[in-house]
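Fit chain B to the given chain A structure using the hints.
As a plain string of letters, each chain reads:
There are 2 protein chains.
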Amino acid sequence: MRLSAGALLIHYGNQWKQNRRGENPLCGSDRKMKIIVDAFGGDNAPLEILKGCEMAIKKYDDLEILLVGSTEKINECAKENSISLKKMEILEAPDVISMEEHPNELRKSKKNSSLAVALRALAEDKGDGFVGAGSTGATLMGATTIVGRIKGVKRPAIAPVMPKMDGFFMLCDSGANADCRPEMLVQFAKMGSIYMEKVMGVTNPRVGLANIGTEDTKGDSLRTETFPLLKESELNFVGNIESREIPYDACDVVVTDGFTGNIILKLYEGVAGALMKKVKGVFKKSLKNKLAASVVLKDMKTMAKQVDANEYGGAPFLGVKKPVFKAHGNSKAQTFCNAIGMAMEFVRNDVVGAITDALAKGEEE
Amino acid sequence: MRLSAGALLIHYGNQWKQNRRGENPLCGSDRKMKIIVDAFGGDNAPLEILKGCEMAIKKYDDLEILLVGSTEKINECAKENSISLKKMEILEAPDVISMEEHPNELRKSKKNSSLAVALRALAEDKGDGFVGAGSTGATLMGATTIVGRIKGVKRPAIAPVMPKMDGFFMLCDSGANADCRPEMLVQFAKMGSIYMEKVMGVTNPRVGLANIGTEDTKGDSLRTETFPLLKESELNFVGNIESREIPYDACDVVVTDGFTGNIILKLYEGVAGALMKKVKGVFKKSLKNKLAASVVLKDMKTMAKQVDANEYGGAPFLGVKKPVFKAHGNSKAQTFCNAIGMAMEFVRNDVVGAITDALAKGEEE
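The listed protein sequences derive, respectively, from chains A and B. The first sequence: position 164 = 164 (our numbering), numbered continuously. The second sequence: position 195 = 195 (our numbering), numbered continuously.
Chain A with its partners taken away, still in its complex shape (with noise of 0.2 Å):
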């Protein structure tokens, strides 16, 4: 099974009105939805990030959206661009935090830019759910300080759904904690299995853990502490995976550390984007090549749609109190519709609400 991620949320939209039946606050009553969207987050805002709200407003009835950002840009980018701002209110934030700034700031000189403005309107329940394609440090650091953890979670996780051979994955902790303890891990790996099966529609998600080898015994001090943890759980866990499976179907929930995370995250789209270039350059090589080239262009195109991770719109912090969900930080407007999509989803299966009575349970135990 492959699906886009607006496949994915027609199919899994459906599937959670029936499974649900109006469990869900915002299930079955004519409640919106409202989404809060940092309007200057990423490298495109806030051209982009409104063109993807506007689509967004199109695609699902029940969104109402919130963006943040300076009042008079924001009119002023729809009006040059003709962009309707239907159903969207704006709460205005004079300032922008940088990719290049450092994350703190958003503590310290930058209280007022969108973004913590937008947090800060998340924390105080101005909206349902968060998206911003800003900086991914800012973001976590304003996850963790201004809307605050959900008790129990010792880190919340990054956790981006990455696309498969056939389907998706998801990676938990992408680069949110560098440096990990066994517990943290195996928090990941609950907090990844709510997500997966909530959102995704994964049924009895399987975990496994990254590591060098697929013997129990295999791996650092940290993946050998964590092994045994991961065994003793409720979950599913099918073991050590090595990274040369991921990319098939190992896992659905490859549970790592931040740093071990990142390295996969990042050479993931490194190795895919060397090689895509390179046969790139086999069909730019030659006039004939350039013909035999354009018989499979299109066939070619939805392949490389299929393995392309702005697909999935970004990454879900698992471990907040609400639902906060990053989108890349180069989204076009279609990225940035799928991130609200997924935000939407994130919501409306009420997630945290799931982390919050698992971890719970977990403590009582």
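Treat the hints with care, since some could be wrong.
It does not matter which identical chain is meant; a pair holds if it fits inside one copy or across any two.
Claimed, not checked - In the PhoX-like style, the derived pairs of lysine-lysine whose C-alpha atoms are separated by at most 25 Å in a straight line are: (1) K218 - K108; (2) K79 - K154; (3) K126 - K321; (4) K34 - K51; (5) K111 - K218; (6) K305 - K277; (7) K332 - K73; (8) K332 - K277; (9) K332 - K59; (10) K154 - K231; (11) K87 - K59; (12) K332 - K298; (13) K51 - K79; (14) K154 - K321; (15) K301 - K59; (16) K305 - K280; (17) K231 - K332; (18) K266 - K151.
No lab work stands behind these hints, which were simulated from the structure alone.
Using the frame of chain A, we list chain B on its own:
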């Protein structure tokens, strides 16, 4: 510049002859070079190993080979497949250590395995270097305990030369040491630089620390402690390298702990393999695609060869008293022949001597 291992050998083979002018005991003299080969190591032993040895003997005038394994089986296999054993001797070893057996068995029940006997022969100067395609763990165990570490070397590293967009890079360590300390990473950097300079002909190799961001203070505690040590060193340290950049031209020696290195090595292979399968899938999708594929097939194969890790034959073990070269476990004849060629360069350019000198110098400082 992009060279296959074969071209590299020709290219750099000529270079060392000019550069070293007889300084090396093997150079300019009539003395043959003798490479010790584990005839029963790897998935395709002994057939492909023997074929590879035959190819190498034909290719390199000054080469002699000491085959280690069951004399009976070697002769039988050679006879059945019409393989010439010219310029090869056989050293009897009745046993074989399998990929599944624990490396410790090399010192216990498998003292008479082809691998153990071969490494003892190397330690006893019965040859100039060793090549084997058997278990990496067992080879490491034998290299460390039978051949021994160079004085001052904390831990030997397994350091494959890998393909990138254009050319190659070294990954050091790629799996010998799961848990590392900062001083070990600095040694990996030194040893890797020497190999890249002496064997691969890279002038003043650029050393990069595999990390999750480019800023000096990025990473986990191992990285933040290693960074200043590398910066202080005499190495050509170019700073932190994100894994996204590894397939491009980030640096010549990627330094990392063996856990992360093994994750990088296998993910590199996994993502490239999965993507090439996807491309093949597109080519096979329809008759018109098949026809188009036939047009680009030759160029596609040339490209695939450029990015094939097997082109470089395997990985040297750095920090061991004598040259030990690990060929890929799935080596076929050509790959194994390449590995022998790389091992010859490892011997010729006296990498062991240079590492010994560099570490002795480091001790004095």
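Worksheet item: Which numbered hints are broken by the structure, listed smallest first?
Response: 2, 17 and 18
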